[in-house]
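Fit chain B to the given chain A structure using the hints.
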Amino acid sequence: KAGVTQTPRYLIKTRGQQVTLSCSPISGHRSVSWYQQTPGQGLQFLFEYFSETQRNKGNFPGRFSGRQFSNSRSEMNVSTLELGDSALYLCASSLGVGLNSPLHFGNGTRLTVT
Amino acid sequence: GNSVTQMEGPVTLSEEAFLTINCTYTATGYPSLFWYVQYPGEGLQLLLKATKADDKGSNKGFEATYRKETTSFHLEKGSVQVSDSAVYFCALSPYGANSKLTFGKGITLSVRP
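Chains A and B supply the protein sequences, listed in that same order.
For the first sequence, the positions run 19 to 132 when the working numbering is used.
For the second sequence, the positions run 502 to 614 when the working numbering is used.
Just chain A, with the same shape it has in the complex:
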């Protein structure tokens, strides 16, 4: 069974640009969450989607947005990139949203903003 797939693996962008990251969950999983990982702040929750609806959102500015499609694939978008947005962005999927549905993480997309 294929794991969570994130594309691209690496990305280099310039300040002010925007970027879209993609996540394909494990087949059958309907919930997708996004996390940002930086050396300074560690892992921080961005948002969670279930059946195309955003269920939870972390404390990030409105420049960070996401969506989920009917096939459960998800994208996140960051507009007007800042240097501080450089990070590893992790996507996680799960069957559902309860405690018996563990999160399965992808290997992440490493974004570098110059």
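Source of the hints: derived by calculation from the structure; they are not laboratory data.
Please note: incorrect hints may appear among the correct ones.
To be verified - DSSO-like cross-link-like pairs, simulated, lysine-lysine; straight-line CA separation at most 30 Å:
id: 1; chain 1: A; residue 1: 31; chain 2: B; residue 2: 606
id: 2; chain 1: B; residue 1: 601; chain 2: A; residue 2: 31
id: 3; chain 1: B; residue 1: 569; chain 2: B; residue 2: 553
id: 4; chain 1: B; residue 1: 569; chain 2: A; residue 2: 75
id: 5; chain 1: B; residue 1: 553; chain 2: B; residue 2: 601
Small disclaimer: the values here were computed from a predicted structure and weren't measured.
The following block gives chain B in isolation, referenced to the frame of chain A:
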């Protein structure tokens, strides 16, 4: 707000040594507690969880007990192996949820033969 504090690392142990990785938390209500592990070249994966006070989570020889009185969830293993070398993250989520995780900073464990 919620927060998770892990002991500073990295930690280096010899094979068959006893392992303890400390984790304390601050949270409102009754969070669920988790340990996630990231092996070299792989994504984060759930190691164990506990959902209420005095619950003990266990997996692959690792154990952690949810201590509400000390707000702790320390990870232990009686005899580590080289294959346990990885980064370990303590995390919590709001009551009844498996998402919106608050993570600790993570600690790198290296086990030498």
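A quick look at each hint next to the structure:
Only pairs whose Cα atoms come within 30 Å are accepted, and residue 31/A paired with residue 606/B is accepted, the gap being roughly 26 Å. Straight-line distance between C-alpha atoms of residue 601/B and residue 31/A comes to about 28 Å, which keeps the hinted pair within the 30 Å bound. A C-alpha spacing of about 8 Å is found between residue 569/B and residue 553/B, which places the hinted pair at or below 30 Å, so the restraint holds. Restraint check for residue 569/B and residue 75/A: the C-alpha separation of about 27 Å stays at or below 30 Å, so the hint holds.
For the proposed pair residue 553/B and residue 601/B, the alpha carbon gap of about 17 Å is at most 30 Å, so the pair holds.
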